[in-house]
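Number of protein chains: 2
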Amino acid sequence: MTVTLEPLFLGIDGGGTHCRVRLTDHSGAIIGNGLAGSANVYSNPYGTLESIMQAVDQALEQAGLDCQAMPRIYAGIGLAGGAMPAAVDFLQQWQHPFAKARFVSDSHIACLGAHAGADGSILIIGTGISGWSIVEGRTRSWSGWGFPFADTGSGAWLGLRLYQLTIDALDGIIPHTEMTLAMAADYQHRAENMVQAFQQASPAQMAELAVRVVEHAALEDRHALTIVAEQQKIIRSLLTSMHTFNHQPIALLGGLSEFVSSHLTEEFKQLLTGTAGDPLSGALLLASEGVTI
Amino acid sequence: MTVTLEPLFLGIDGGGTHCRVRLTDHSGAIIGNGLAGSANVYSNPYGTLESIMQAVDQALEQAGLDCQAMPRIYAGIGLAGGAMPAAVDFLQQWQHPFAKARFVSDSHIACLGAHAGADGSILIIGTGISGWSIVEGRTRSWSGWGFPFADTGSGAWLGLRLYQLTIDALDGIIPHTEMTLAMAADYQHRAENMVQAFQQASPAQMAELAVRVVEHAALEDRHALTIVAEQQKIIRSLLTSMHTFNHQPIALLGGLSEFVSSHLTEEFKQLLTGTAGDPLSGALLLASEGVTI
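Protein chains in written order, with full-length UniProt numbering: chain L, 1 to 293; chain W, 1 to 293.
Source of the hints: derived by calculation from the structure; they are not laboratory data. Take the hints with a grain of salt, since some may be wrong.
Unchecked claim - Restraint-style ranges between C-beta atoms, simulated for each label pair:
| id | chain 1 | residue 1 | chain 2 | residue 2 | range |
| --- | --- | --- | --- | --- | --- |
| 1 | W | 190 | L | 245 | 33 to 43 Å |
| 2 | W | 243 | L | 267 | 34 to 44 Å |
| 3 | W | 196 | L | 178 | 34 to 44 Å |
| 4 | W | 54 | L | 258 | 51 to 61 Å |
Note that the structure is predicted; figures quoted are calculated from it, not measured. Glycine is no exception: its CB is placed at the ideal position from the N, C-alpha and C atoms.
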């Protein structure tokens, strides 16, 4: 066995639910992957460090390496909540074991990945919604301020609108459609049951309801189409603001991106572009930036 | 001193913040008042009973009476949360000390009071929003399912819309107006500060922001007028549904009733009527109903 000091590159994508890592050798070949729990550095800073190291250990093991390889690792790390000032302070103080580590938000690596490191914007439409843009190293964000008070247009918000319209139908303020009837039936057609079931609902729980809106929109359910129209209005505002700002191509990401783009008019579809790579590929670009081999 | 067994009438209005009582003699003359803390029987059943008895003791003391008068008291009791099935069960099992007690929701006594016991409807527009109707003993409610997921059109919702529009302006999705600029200035023009300040905001805290919307609407601030237009649409739906249901006159109650009615068109103003009495007068009507002196 020859001892090598060639650099290794590590991409880390830390989200609210999972922390994913990808390890490559100096040629870019993937030699290990890792998966651990939640890595929202704003809401759970120490838990995030644990998740990161757990996923990194997995990836090293897969690569047939151990912690002695740490000083060879150049890490690009994108974390949920990583753009919040308190999180930046926290991460700067971390005595990490790598040769070098660069910290950004999870949106930032998603944007780098989507555009293969070129300038561009992304709009992530999943449980939450947020836009991110990188132009000549400068970044800017749109929305993403959290459900229930913000994140209008997101999956959680789609679910909220279904919830609200179903209650309105039960109150007799608007007529039922198939969609609201199906939702009401799950709660014995009683608004108080719905209120109780969703009193402490998380964004993820609300977003689960979005599936119903997507399904009934395909069936041209009148209330579903109302919600789609409201969502499209929000998305158009976001896309317009993003395009006006920098005229860069925008990649739509997240579980609802296909649904949303299928309803866009040609005018707005023209602002969009496909996705070159995933967030981990973006994290690896960040890791290898400026490293000479 | 002559011993009298004439009946006494007790009206109780239990809300989320205060429990108010009013005691009258058989002629209807007020002989005592009482005030205690929270009386939401759904969220705090035992605390509600404590608040009731504390306020009743005050009223008895003012009237120069003590607990020996309890068997002479006919009570009409309206409580926040009093229409929820769990609350009805709880109250039916209470071994209350009165000659007789009738339990309804706080909306019910407000409706009885507003129409002096006659058939009619009310729409309460305060921190929350809810409609109530009594026609020939039958009742029906509209909205009132709680902020943040419901209660659109309420004071808390007005505050939420200001919050959302301010964040949108900070994100550059919409232009600022005087109203959003004033709000943003309180948080150093940083959306993250606003998100942090309102992360756990209660309906009451959100409703405090409504004052700003009211003030800026008077100055014809463009975003304030947008919010007013959205609210008016919600109120029109509610009033239409209530009117279509029973063609009864509707009294607007609550801190925002004047603001809302000042923006209504003549068509909808015609559905409205003035208020005959307050919720405690409604509770006293309930207390004395069917009691022969």
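For which of the previously enumerated hints does the structure constitute a violation, in increasing order of number? Of the numbered hints, just 1 does not hold.
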